[in-house]
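**Q** Starting from the known structure of chain A, arrange chain B on it as the hints suggest.
Taken in order, these protein sequences are the chains called A and B.
Heads up: the first sequence begins at 1 in my numbering, then just goes up one per residue.
Heads up: the second sequence begins at 238 in my numbering, then just goes up one per residue.
The set of hints was computed from the structure by calculation and includes no laboratory data.
We put the CB at the ideal spot given by N, CA and C, even for glycine.
Mixed in with the good hints, there may be bad ones.
[As the list claims (entries may be wrong)] Coverage of chain A stretches by chain B, computed from C-beta distances (three or more under 8 angstroms per stretch; other residues unrestricted): (1) 59-70; (2) 74-86; (3) 177-188.
[Unchecked claim] Simulated pairs of lysine-lysine, DSSO-like, Cα-Cα distance not exceeding 27 angstroms: (4) A/K118 to A/K152; (5) A/K15 to A/K137; (6) A/K80 to A/K215; (7) A/K176 to B/K404; (8) B/K465 to A/K228; (9) B/K465 to A/K204; (10) A/K167 to B/K465; (11) B/K441 to A/K187; (12) A/K215 to A/K167; (13) A/K143 to B/K374; (14) A/K167 to B/K413; (15) A/K137 to B/K388; (16) B/K413 to A/K228; (17) B/K441 to A/K228; (18) A/K204 to B/K441; (19) B/K441 to B/K453; (20) B/K413 to A/K223; (21) B/K252 to B/K355; (22) B/K355 to B/K424; (23) B/K413 to B/K451; (24) B/K245 to B/K336; (25) A/K176 to B/K441; (26) B/K404 to A/K228; (27) A/K137 to B/K374; (28) B/K424 to A/K204; (29) A/K176 to B/K465; (30) B/K460 to A/K204; (31) B/K460 to A/K176; (32) A/K151 to B/K374; (33) A/K80 to B/K413; (34) B/K404 to A/K204; (35) B/K413 to A/K204.
Take a look at the letters that make up each chain.
2 protein chains.
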Amino acid sequence: MKMESFTKSAEKFIKALGIKDMDTELMIRALCHSSFANENTFLNLESNERLEFLGDAILDFILAEILYTEYSLSEGRMSKIRSAVASESILSRAAREIKLGDFLLLGKGEENSGGREKDSLLADAFEAVLAAIYLSKGLEDAKNFIEEVLKKYIEQALSGELVMDYKTRLQEYTQKFFGLRPEYRLKNKEEDETFSVEVYLDGKLLGCGKGKTKKKAEQQAAKSAYEKFLNEGENDA
Amino acid sequence: MKMESFTKSAEKFIKALGIKDMDTELMIRALCHSSFANENTFLNLESNERLEFLGDAILDFILAEILYTEYSLSEGRMSKIRSAVASESILSRAAREIKLGDFLLLGKGEENSGGREKDSLLADAFEAVLAAIYLSKGLEDAKNFIEEVLKKYIEQALSGELVMDYKTRLQEYTQKFFGLRPEYRLKNKEEDETFSVEVYLDGKLLGCGKGKTKKKAEQQAAKSAYEKFLNEGENDA
Chain A
1 MKMESFTKSA
11 EKFIKALGIK
21 DMDTELMIRA
31 LCHSSFANEN
41 TFLNLESNER
51 LEFLGDAILD
61 FILAEILYTE
71 YSLSEGRMSK
81 IRSAVASESI
91 LSRAAREIKL
101 GDFLLLGKGE
111 ENSGGREKDS
121 LLADAFEAVL
131 AAIYLSKGLE
141 DAKNFIEEVL
151 KKYIEQALSG
161 ELVMDYKTRL
171 QEYTQKFFGL
181 RPEYRLKNKE
191 EDETFSVEVY
201 LDGKLLGCGK
211 GKTKKKAEQQ
221 AAKSAYEKFL
231 NEGENDA
Chain B
238 MKMESFTKSA
248 EKFIKALGIK
258 DMDTELMIRA
268 LCHSSFANEN
278 TFLNLESNER
288 LEFLGDAILD
298 FILAEILYTE
308 YSLSEGRMSK
318 IRSAVASESI
328 LSRAAREIKL
338 GDFLLLGKGE
348 ENSGGREKDS
358 LLADAFEAVL
368 AAIYLSKGLE
378 DAKNFIEEVL
388 KKYIEQALSG
398 ELVMDYKTRL
408 QEYTQKFFGL
418 RPEYRLKNKE
428 EDETFSVEVY
438 LDGKLLGCGK
448 GKTKKKAEQQ
458 AAKSAYEKFL
468 NEGENDA
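One chain only, chain A, in its complex shape (with noise of 0.2 angstroms):
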């Protein structure tokens, strides 16, 4: 792949979002994920990474800001809203809705595992696109482009109706704080055919629920157990 054909994609993917003048440099090292610059080391590209740890941080305050102005919620309303929308899930959704996949430039070895659909990668990309925005345009296109993808999430998520994958939300959860997985563990299966499950993390007893199916019985554990950690937070903040 030649320098000038990811130019091109990059130009194409800023008109596609519809900003005038961007650093098209700074959307190329946003597009462009580790596994790229590893495997395409002549080209001497910066990684994404470093624009995801900055994204990361616009896209909290960002979102914070209109939390706090816009719908002047409390402090722990704000946390729980933020972290629902700001989630890999909705990230990941966002970043298929501007079709971001489309443009990321990666190493041979990521793409034919699949990577250019992948929540994480699709997420991290995301922020990183936000961060080339914000260093080349400033904050005020920062926060049209947080308003036009996510406003509607943050509509879904003030009215209950954002999905509330709780076991996607936990595992995000310990993968962060704990670098762990929870793990589920499905208990008896009672004789009114409802379904008992536990879950774990590193040994530890999270959380508990019961559903008609195991795949509610796990979900209920693991908002039980998730809910458990927010309250933890809450309390102590």
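**A** Below, chain B alone, put in the same frame as chain A:
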């Protein structure tokens, strides 16, 4: 205490910070601890808790931008430096330097239990003040404020001079994410006069350390536990 008197107090604080045309009402809100708002409901004041949430996000963002653009650090290093600078111990030090405690509005109970000197209360109010500056004066003034009061701590963190109080950091970390304090257990005092300490969270061993004094052994134990948490977070990120 009359409305006039704390309006004057907030104005004095604004003047001491050298900020022009700042919204006094916003500054009063930043200085208003929940204990004061709750005790004086007739004043109909909002406490600084919502501002603190916003200020926390602004601080993380401003520090990320400084570390990204001025120092060009890797994401792992940005993350470590930022968490050192945005820690309760550093923010409360910065709050003391600008004499924030003198201007805080506290309820009687909080005042009597030494709230004006509490690290957590000072650090929270520092973040609320930052948010008030941002909302009243914009991003540039907020950045200038941070550069003025925190730049030296960034430099110290970068050069490794920042006193690495690992016990404080570990406690901040476990309180935030687990709602629990670590517990230190002195093990044997060995023949060569070396102290050996283990640190536990919720009965689980986090790390251990040795040193010529009990204090040094505890710092070592806290360091090993804290670094494990950071590495877990990084491997996953």
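**Q** Run every hint past the structure and note whether it holds.
**A** The hints, checked one at a time:
With a threshold of 8 angstroms between beta carbons, the proposed coverage of the segment 59-70 of chain A by chain B holds, since 7 of its residues qualify and at least three are required. With a threshold of 8 angstroms between beta carbons, the proposed coverage of the segment 74-86 of chain A by chain B holds, since 4 of its residues qualify and at least three are required. Coverage of the segment 177-188 of chain A by chain B holds in this model, with 4 residues showing a Cβ closer than 8 angstroms to a Cβ of that chain against a need of three. A hinted pair counts as satisfied when its Cα atoms are at most 27 angstroms apart, and A/K118 with A/K152 qualifies at roughly 22 angstroms.
About 14 angstroms separates the Cα atoms of A/K15 and A/K137, which keeps this hinted pair within 27 angstroms; it holds. For the hint pairing A/K80 with A/K215, the CA-to-CA distance comes to about 24 angstroms; that is within 27 angstroms, so the pair holds. Under the criterion of a C-alpha separation no larger than 27 angstroms, the hint pairing A/K176 with B/K404 is consistent with the structure, at around 22 angstroms. A distance of roughly 23 angstroms separates the Cα atoms of B/K465 and A/K228; the hinted pair therefore holds under the 27 angstroms criterion.
Taking the CA atoms of B/K465 and A/K204, the gap is near 19 angstroms; set against the 27 angstroms cutoff, the hint holds. A threshold of 27 angstroms between alpha carbons decides the hint, and for A/K167 with B/K465 the separation of about 25 angstroms falls inside it, so the pair holds. Of the pairs offered as hints, the one joining B/K441 and A/K187 holds, with about 25 angstroms between alpha carbons and a cut-off of 27 angstroms not exceeded. A threshold of 27 angstroms between alpha carbons decides the hint, and for A/K215 with A/K167 the separation of about 10 angstroms falls inside it, so the pair holds.
Between A/K143 and B/K374 the alpha-carbon distance is near 18 angstroms, which keeps this suggested pair within the 27 angstroms criterion. Between A/K167 and B/K413 the CA atoms are separated by roughly 22 angstroms; this keeps the pair inside 27 angstroms, and the hint holds. Among the hinted pairs, A/K137 with B/K388 is consistent with the structure: their alpha-carbon atoms are about 25 angstroms apart, no more than 27 angstroms. With a CA separation close to 13 angstroms, the supplied pair B/K413 and A/K228 stays within the 27 angstroms bound.
Under the criterion of a C-alpha separation no larger than 27 angstroms, the hint pairing B/K441 with A/K228 is consistent with the structure, at around 19 angstroms. Restraint check: the Cα-Cα separation between A/K204 and B/K441 comes to about 10 angstroms, which is no more than 27 angstroms; the hinted pair holds. Our distance criterion of 27 angstroms between C-alpha atoms is met by B/K441 and B/K453, whose separation comes to about 21 angstroms. Straight-line distance between C-alpha atoms of B/K413 and A/K223 comes to about 20 angstroms, which keeps the hinted pair within the 27 angstroms bound.
Proximity of B/K252 to B/K355 is assessed by CA-CA distance (about 24 angstroms); at most 27 angstroms being required, the pair is judged to hold. Between B/K355 and B/K424 the alpha-carbon distance is near 31 angstroms, which puts this suggested pair outside the 27 angstroms criterion. This hinted pair checks out: B/K413 and B/K451 have alpha carbons roughly 26 angstroms apart, not beyond 27 angstroms. Under the criterion of a C-alpha separation no larger than 27 angstroms, the hint pairing B/K245 with B/K336 is consistent with the structure, at around 16 angstroms.
Distance check on the hinted pair: A/K176 and B/K441 sit about 19 angstroms apart at the alpha-carbon level, within 27 angstroms; holds. Straight-line distance between C-alpha atoms of B/K404 and A/K228 comes to about 25 angstroms, which keeps the hinted pair within the 27 angstroms bound. Using a Cα cut-off of 27 angstroms, the hinted pair A/K137 and B/K374 holds, with the two alpha carbons roughly 20 angstroms apart. Only pairs whose Cα atoms come within 27 angstroms are accepted, and B/K424 paired with A/K204 is accepted, the gap being roughly 25 angstroms.
With a C-alpha separation of about 13 angstroms, the suggested pair A/K176 and B/K465 falls inside the 27 angstroms cut-off, and the hint holds. In summary, the hint linking B/K460 to A/K204 is supported, as the alpha carbons are separated by about 24 angstroms, within the 27 angstroms threshold. Annotation: proposed proximity of B/K460 to A/K176 holds, straight-line Cα distance about 20 angstroms (limit 27 angstroms). Between A/K151 and B/K374, the direct Cα distance comes to roughly 25 angstroms. Compliance with the 27 angstroms bound is thereby established for this hinted pair.
Taken as a hint, the A/K80 and B/K413 pair is honoured in the structure, with Cα atoms around 15 angstroms apart against an allowance of 27 angstroms. Distance check on the hinted pair: B/K404 and A/K204 sit about 25 angstroms apart at the alpha-carbon level, within 27 angstroms; holds. Note on B/K413 and A/K204: the hinted pairing holds, with a Cα-Cα distance of about 19 angstroms set against a maximum of 27 angstroms.
This entry does not satisfy hint 22, going by the numbered hints stated previously; all others are met.
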